[in-house]
Structures are given as structure tokens and as C-alpha cells.
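Please construct the entire structure, taking both the sequences and the accompanying hints into account.
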Amino acid sequence: MTVALATFELTKRYIDGERRRVAVDAVSLSIDTGRLVALRGPSGSGKTTLLGLAGGMIAPTSGDVQLFGASIVHLRDAHRTTLRRERIGFVFQELALVPDMSLLENVLLPLVPTGGAGRAERERALALLARFGLQGREASRASRLSGGERQRGAQARALLRDPSILLLDEPTAHLDAKGAAEVVSLLAGLRDEGRTIVCATHDPRLANDPRVDHTWTMTDGRLMDPDAPRPEAPAC
Amino acid sequence: MKRHRALLEHVLGALFRRRGRNAAITLGMAALVGLFSSVLFVSEALRAEYRALAVTLPDLTVQQLVAGRPALVEAAAITRIEALALPGLASIRPRVWGYLYVPSIEGNVVIVGGAGTDAPGVLEGGRWAEGEDEIVIGNGIAHLLGARVGDELALAGPGASPAILRVVGVLSGQTAALSADLVLTTEARARALLGMTAAGFTDLAVTLARPEEAGVVAEAIAAALPGARLLDRRLLERTHELTFDARAGFLGAVMLPALLALLLLAWDRLTGLGDAERREIGVLKAVGWSTSDVLAARMWESALVGLVGATLGLVVGYVHAFVFGAPGLADALFGWSSLHASLSLPPALDFAQLLAILGAVVVPFVGVSVVPAWRAAMLDPDRLLRGGP
Ligand SMILES: Nc1ncnc2c1ncn2[C@@H]1O[C@H](COP(=O)(O)OP(=O)(O)OP(=O)(O)O)[C@@H](O)[C@H]1O
Ligand SMILES: [Mg+2]
Chain D
1 MTVALATFEL
11 TKRYIDGERR
21 RVAVDAVSLS
31 IDTGRLVALR
41 GPSGSGKTTL
51 LGLAGGMIAP
61 TSGDVQLFGA
71 SIVHLRDAHR
81 TTLRRERIGF
91 VFQELALVPD
101 MSLLENVLLP
111 LVPTGGAGRA
121 ERERALALLA
131 RFGLQGREAS
141 RASRLSGGER
151 QRGAQARALL
161 RDPSILLLDE
171 PTAHLDAKGA
181 AEVVSLLAGL
191 RDEGRTIVCA
201 THDPRLANDP
211 RVDHTWTMTD
221 GRLMDPDAPR
231 PEAPAC
Chain U
1 MKRHRALLEH
11 VLGALFRRRG
21 RNAAITLGMA
31 ALVGLFSSVL
41 FVSEALRAEY
51 RALAVTLPDL
61 TVQQLVAGRP
71 ALVEAAAITR
81 IEALALPGLA
91 SIRPRVWGYL
101 YVPSIEGNVV
111 IVGGAGTDAP
121 GVLEGGRWAE
131 GEDEIVIGNG
141 IAHLLGARVG
151 DELALAGPGA
161 SPAILRVVGV
171 LSGQTAALSA
181 DLVLTTEARA
191 RALLGMTAAG
201 FTDLAVTLAR
211 PEEAGVVAEA
221 IAAALPGARL
231 LDRRLLERTH
241 ELTFDARAGF
251 LGAVMLPALL
261 ALLLLAWDRL
271 TGLGDAERRE
281 IGVLKAVGWS
291 TSDVLAARMW
301 ESALVGLVGA
311 TLGLVVGYVH
321 AFVFGAPGLA
331 DALFGWSSLH
341 ASLSLPPALD
351 FAQLLAILGA
361 VVVPFVGVSV
371 VPAWRAAMLD
381 PDRLLRGGP
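Sequence order for the protein chains is D and U. So for the first sequence, my numbering puts the first residue at 1; every next one is plus one. So for the second sequence, my numbering puts the first residue at 1; every next one is plus one.
The set of hints was computed from the structure by calculation and includes no laboratory data. Hints may be right or wrong, so weigh each one.
Below, a sample of chain D positions facing chain U; criterion: calculated Cβ distance under 7 Å [claimed, not checked]:
#1 84
#2 90
#3 98
#4 180
If the Cβ cut is set under 8 Å, some of the chain D residues that face chain U in the computed set are [what the hints assert, rightly or not]:
#5 75
#6 85
#7 92
#8 100
#9 109
#10 110
#11 114
#12 118
#13 120
#14 147
Listing some non-contacts, in silico: residues in chain U with all C-beta distances to chain D over 10 Å [as the list claims (entries may be wrong)]:
#15 82
#16 151
#17 161
#18 169
#19 207
#20 213
#21 220
#22 284
#23 366
Cβ atoms here follow ideal geometry from the backbone N, Cα and C, with glycine treated the same way.
This is how it looks when you write it as C-alpha cells:
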């Protein structure tokens, strides 16, 4: 089993006005390929920041991130760009679509710098949108879509280049029970195709789903002991 | 290549999405470039026209001053100059000309007597004046009076009753700014119209075998003729060019702050990249656009806006200067006879000049709009998507 994603003493500090704040505090973890992993924790605990660091969207203050054994921390812009484009599918918590472009245009956006979309790419994009239950909405402006539709549109876009690692921030945030269950099934299916998937979430519908291979918990920027027993779902 | 085509397609979409803002910037740009290029076109046209006309001027002009005022040059002066036996001298021609106020056009015209084919200007229609009652008129007068070849005009000299004169020729508009107000006729008729009864002349036109000797010849003539004033063509040309440069330069100085204001405005609008635009850059970077992809798109966008705006401005400037005769600007640039204000300028356009204007406007504009995008594109996508500065 190869390691898809590993971090070593990964730290991110922000200077917010006068105060310094440690968003991610010396996090070391390792995730094998083909795993579906959830990262949970209270709001402000650093989930989004850790995900961004892992996906090369944020530069760390110190520590290292390795994708398939290669460090991405000291990459130059061009390489980091290739990485974002080819290897990683990243879905932000929100605002990840350009509001006044159509859904399809948004999905095809990653292809523009390499020459735009041909017929094959368009068909792939339409198929992905259909897989995420968005058929018929391709031509709608992103600003006219619901929060859940936008979130799923961004997920479809992340898969356009068939990345080996998928990093998703709150993938079930705007969804009702049925929608959330669908997304979890989708993610499990993508995992079964061999992809490594990391989700930041505070949604127990995702974090506690039995198809999730492992759940890590963050508090105040620190990762709880990964070998500790998995917390039980609270009885409702 | 494929990359740039795809980027350009994306940019066209972006231009359309931000059409309100882009239209405003394009129009502002067009207005400023229009004003600026109009001044440039008019002064350049005048300069070109003067250059064409200067060829017909004599190398030296001899005038006579009495008590500081120009007086008539006596015929004896010609013999005195000839007696000097100056080696470079080719010919001496006495001229009769002067200004005549014409009430019907509320302005002065220039009466020139005895001038034939050596008269300033080129005939547009008809022939040169030969008979006592014949005249050739400048384009400006013809235009103002609606006169054509075959028409008759009544002109009155000081204290004389009007004479009916037949228009036999009209001067071409090609040298309009300087020949627009000319009336060419025979020497006798000119003397009558100008009230020149004495046997003197207005001035002497001296042609030289070698024009570069003008200085030496002028000195010799001035020494032989007390009270003579000598005008050197090359000096006149230089003065003329300087005058136009000064006038155009003045207008340029007035417009420079306006131009700066536009740049500042553009800077302000573009440095304050809206939150939406910062987010958009964040999205692009997150999905795998490199900093240079973002910048290339930005460059295309502002180059298109700048080029369209500046080209529109050049068209506006051209139409203002050459179709409408530069209303509002002509007074400042011509600044003399009221006749000139109504003349139509012949276009004198230089392709290199047009390119220079385009470059001078578009290049800084693109620079100004790329810098803020560049600063944003250097940030982490996460930072851009979270919003704020
Ligand atoms: N660019 C930034 N500048 C300053 N502080 C930041 C910045 N980004 C994040 N933070 C801070 O870092 C901490 C962790 O933020 P993060 O977004 O990672 O939390 P989160 O666990 O994703 O929370 P949520 O569940 O609400 O999304 C927060 O306290 C946040 O205020
Ligand atoms: Mg978050």
C-alpha cells in the first residue's frame, strides 16, 4: 500500500492584526492510496487550512507536505500549478464557482490554459454533471444555482482531469438528508475506483458513515491521536 | 497558440460579463485620445501645409521701414541692389500686395498684384488673372461667399467706389490655411484696390542661386539700403514651426493633467480589484491556472479594451479635425484671420504617428491594469477565496 498523502510537523500561523493565531499546529499524518478519510472538528479548528496546505492552496509556515512521496512545499509556481491541475481535485467550502459564468463554463475552466475544451472534454464534463445530478442545469448561471447545486458543480469540476487525490471541504454542507447520502455514496464510489479522498467536515452524516475508512479529529489546530479508537456516533 | 486562443475566448466572455465597466473605460479612453489626437492632427496638418507653401516663398524679402513702420519700396532700390553685383543673386522681383477689409465677409483679404504662376497656391479651377477686371480667389473666400469661376464680385479700395471683378480662377484647398484669403489680380488693379498711387512696391522678392548664402546677401543689401528690413525664408520657416510647436505644446500641456487623471482613474478602478474579481482569480488559480495564465488573460482583456478605446479615439479625433474642421480647437491653433476658422483642413496623416499614439496610450494602460491582477495572482487561492484584502 503506497502513501498518497503525508504531512510532517505541518504548521500554519496567521498574523491577524496584533494577534498571532496557529491555524494548524505541527500536524503529522499519513493517508494510504484508495482511502476515504474524514477530517472533523469544531468550527475554527483548522480543517480548511489543513486541507488547503495538503492541496498546495496555502503555503505552510513550517513543516512538509508530500504527495506520493514527493514534497510539494518548495515547488515553483509552474510546478504547483501543474500539481493543482493534474494531480489534485480540490473543492472549496464555498464561492468556488464564478457566479456570472454558466455551470458548464465553470466546469471547463481548468482546461482553458491548456487549450480549451474539445468535444471529448465537453462530453466528459456533461457526463460528470449528470453523475452529480445536475443534468439540465449546464447552461444556468452559477449565481442562479442553489448552494447544494454549486457545491456539486464544483465537485464535478474537481474530477474533470481525473485526479488521483480529491480534497473536499464540507462536501455535504448545503444538502438535505437525501442529497448528503447521495454525495457520500458518490464519494465511496470514487474511492472504489482507486482514488484517495479527504473530506473536511463537521457533518456526522459523512464523518460517521460506515463507508468512511477513517476519521481524524482536529481541535485548535492539533490532530487527535490517529490510533485512538474511533469516536462513537452520539445517540440521538 | 492553442493556449492563447482558449485564453482569448475566455477573455471575450469576461469582457462581456463585465460589459458595463469595460464600456465606461472604453468611452473615457476614446474621449481623451480623441481630444489629444485632434490637436495633433490639426497642428500636423498646418505644419505640412506650411511646408508645402514655403517652397513658393522667395529666399529673401526686402521691405522698407520709415519711422519703424513698413513703407513702400522705391524702384530705385532695385537699381541700387543690382549695382552691388552680388554673385549669388538670381533675380529681384518687385511685388504689390496688401490687406483689404471686405465688409461682406467681415474680414481682411490679401490682395496680390501681378502674380502669375509664381503666386502662392495651386489653381483648383479656371486660370490666372490677365485682364484688368479679373481676379483669382482663395479657397476660403470662395467658400465663404459661395463664389465660383465666372461669378462677379464687387470690391472697393479705400475711398473709391466698388469695382465689379470677374472670378477667373479659384486656388486649391490643398494649402488652405495660408492661401484661403488671397485675391490675385493684375498689378494695376491691386494698386487701385490698395490705394497705392505712388510708383513704389510693397516689397522685393529676391531669389538666390544658392539659398544657403541668404545671410551674407541680406547683410550686403541692408548695408546698401538704409532703413531696409530683410526677411530670410529659412528664418521665417523656423519661426513658423516654432509658433505651431508652441501652440500645440500649450494645448498638450493643458491636456496632460487630463490624461494623468484618466490614468489615475484607471489605476484606482483597477487596483481596487473588486472582491468578486479577486475571488475569480482565486478560483482560476485553484483549478490549475498559473500566475502567468491569469496575467495573460488580464493582458488580453485590457489590451482589447485599450485598443478599441484608443482606436475609437483616433477616429473621433480624425472626424473632429478633418470633417468638422476642429471646432473649438481651430481658434487656439490658427489664432489669426477669421476667414481661417471656416476652412477645411487637408488631412496629413502619418501611419507611424498613429501607431505611436496607440502605443503611448495602450501600453501604460495595460501595465496599469495588469499590476493589481499580478499582485492578486501571487496570493494563495485560499486567501483570495476567503475575501478581504
Ligand atoms: N487568511 C487568514 N488570516 C487569518 N486567520 C485565518 C486565515 N485563514 C484562517 N484563519 C484562522 O485560522 C483558524 C482555522 O480556520 P479554518 O478555516 O481552517 O477552520 P475550519 O476548521 O475550517 O472552520 P469551519 O468549520 O468553520 O470551516 C480560524 O481561527 C481562522 O480564523
Ligand atoms: Mg472550514
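Could you work out which of the previously given hints the structure breaks and list their numbers from low to high? Violated: hints 4, 5, 12, 13, 14, 22.
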